[in-house]
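Asks: Listed below, chain by chain, are the residues.
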Amino acid sequence: MIDVEEKTIKTKREFQLIDITNEIKKYVLKKKVHEGEITVTTKHTTTSIRVNENECRLLKDIKHYLDEIVPKDREYLHDDIEKRKNCPKEEPKNAHAHLKALLMGASETLPIKNGKLSLGKWQRIFFVELDGPRKRTFSIELIAK
Amino acid sequence: MIDVEEKTIKTKREFQLIDITNEIKKYVLKKKVHEGEITVTTKHTTTSIRVNENECRLLKDIKHYLDEIVPKDREYLHDDIEKRKNCPKEEPKNAHAHLKALLMGASETLPIKNGKLSLGKWQRIFFVELDGPRKRTFSIELIAK
Amino acid sequence: MIDVEEKTIKTKREFQLIDITNEIKKYVLKKKVHEGEITVTTKHTTTSIRVNENECRLLKDIKHYLDEIVPKDREYLHDDIEKRKNCPKEEPKNAHAHLKALLMGASETLPIKNGKLSLGKWQRIFFVELDGPRKRTFSIELIAK
Numbered sequence: 118m119i120d121v122e123e124k125t126i127k128t129k130r131e132f133q134l135i136d137i138t139n140e141i142k143k144y145v146l147k148k149k150v151h152e153g154e155i156t157v158t159t160k161h162t163t164t165s166i167r168v169n170e171n172e173c174r175l176l177k178d179i180k181h182y183l184d185e186i187v188p189k190d191r192e193y194l195h196d197d198i199e200k201r202k203n204c205p206k207e208e209p210k211n212a213h214a215h216l217k218a219l220l221m222g223a224s225e226t227l228p229i230k231n232g233k234l235s236l237g238k239w240q241r242i243f244f245v246e247l248d249g250p251r252k253r254t255f256s257i258e259l260i261a262k
Numbered sequence: 118m119i120d121v122e123e124k125t126i127k128t129k130r131e132f133q134l135i136d137i138t139n140e141i142k143k144y145v146l147k148k149k150v151h152e153g154e155i156t157v158t159t160k161h162t163t164t165s166i167r168v169n170e171n172e173c174r175l176l177k178d179i180k181h182y183l184d185e186i187v188p189k190d191r192e193y194l195h196d197d198i199e200k201r202k203n204c205p206k207e208e209p210k211n212a213h214a215h216l217k218a219l220l221m222g223a224s225e226t227l228p229i230k231n232g233k234l235s236l237g238k239w240q241r242i243f244f245v246e247l248d249g250p251r252k253r254t255f256s257i258e259l260i261a262k
Numbered sequence: 118m119i120d121v122e123e124k125t126i127k128t129k130r131e132f133q134l135i136d137i138t139n140e141i142k143k144y145v146l147k148k149k150v151h152e153g154e155i156t157v158t159t160k161h162t163t164t165s166i167r168v169n170e171n172e173c174r175l176l177k178d179i180k181h182y183l184d185e186i187v188p189k190d191r192e193y194l195h196d197d198i199e200k201r202k203n204c205p206k207e208e209p210k211n212a213h214a215h216l217k218a219l220l221m222g223a224s225e226t227l228p229i230k231n232g233k234l235s236l237g238k239w240q241r242i243f244f245v246e247l248d249g250p251r252k253r254t255f256s257i258e259l260i261a262k
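Chains as they are written, first to last, in my numbering: chain A, 118 to 262; chain D, 118 to 262; chain X, 118 to 262.
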């Protein structure tokens, strides 16, 4: 079976790690497949899809770390809105979010085994909001038998 | 349909973000598939495949940022060519490019929906040259129905 | 053919780049497929799957670089074990390993062409141990014809 579905979420903060694991698990169960793989891909350039542990203090470490290696309040050419062609004045200054998304990446692929999403004990799938809050979309691509 | 194709490009500078989106879009249209996924994988260890926005000032920010977090002109063991076994003297000093490629990654997977590559509004696929100019190759893997 | 298999390895050090390319190549040959793709996904949140060159001095550069951009001995909220709920006291202080895994990623997808894993000249697949030594597992997802 090949299936592609889009899911929409509303993020609530500028930076947010949203655990979408249960939604992906339910989707896989509903498709009644046995074995294969699933890919989660974001549809935005200031968000990312990552797999990590959902421990609340670690999630804060991740926020602090990303803000440290890609500071928001530096001078970026992309954030000098007036010098960009055809750029609306209300455009957010989000070069830092693009750079964080560049480092982390847009997609991850995970196995399906014995009819369900096969994650390690601590693995959770996160939609990473880097320039919210906004309405956001990600895609699930299923290839399985 | 399962299809794998290699594409060759000639990069022009040491660092270059080459927008390969139109080429991937055309390839998908030509295959006349309805739904599935496409993966783009680089064939080199000093290049990367990334999805981000093609805004010319942002592309400069990306170059500056990567040069800052992985400086070229530091001492790397890999760049001390004489100490490496069986290493030709003309070997480029490119440890920084390997490290940038390590952070960013070699592949991204994107959805195909309604017969075409389904990207978000600002998403573009880039072949990231980190140690050019050179002749480079990337692979497209299509799994779709 | 769709096939998913798990492989277990024993890592030997805290940080280790384990070249799993030959194992993946053998697996692909054994499956007798012609064309498609293979994804390698780690099952842990303090490990990563990456593609890079296996040059021994570069592997040391990678270790030094990762330790530099994500130092182990800083204060991380995740490492203050007593403040975490239901956390056993013997839990390792491994926030740095989670952050390194976040930057690098959990999976990579590579092409299969002419019946074998199609890698570039210098490309090798690494299981990246960031908090060993431990028994670790990764998954291979094959979609090919």
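What the hints contain is simulated information worked out from the structure, not anything from laboratory work.
Heads up, the beta-carbon is just placed ideally off N, CA and C, and yes, glycines get one too.
Mixed in with the good hints there might be a few duds.
[Stated by the list, open to error] If you want the footprint, here are the derived chain X segments under chain A, 3+ residues with CB under 8 Å: (1) 127-137; (2) 181-193; (3) 196-204; (4) 244-252.
Asks: Taking 8 Å as the C-beta cutoff, is the stated coverage of the region 244-252 of chain X by chain A satisfied by three or more residues?
Replies: Since 0 is below three, the answer is violated.
Asks: Examine the region 181-193 of chain X for residues whose CB is less than 8 Å from any CB of chain A, and state whether their number is three or more.
Replies: holds (count 3)
Asks: Under a C-beta cut-off of less than 8 Å, do 3 or more residues of the region 196-204 of chain X approach chain A closely enough to confirm the stated coverage?
Replies: holds (count 3)
Asks: Taking beta carbons only, do three or more residues of the region 127-137 of chain X come closer than 8 Å to chain A?
Replies: violated (count 0)
Of the numbered hints stated above, those contradicted by the structure are hints 1, 4, listed in ascending order.
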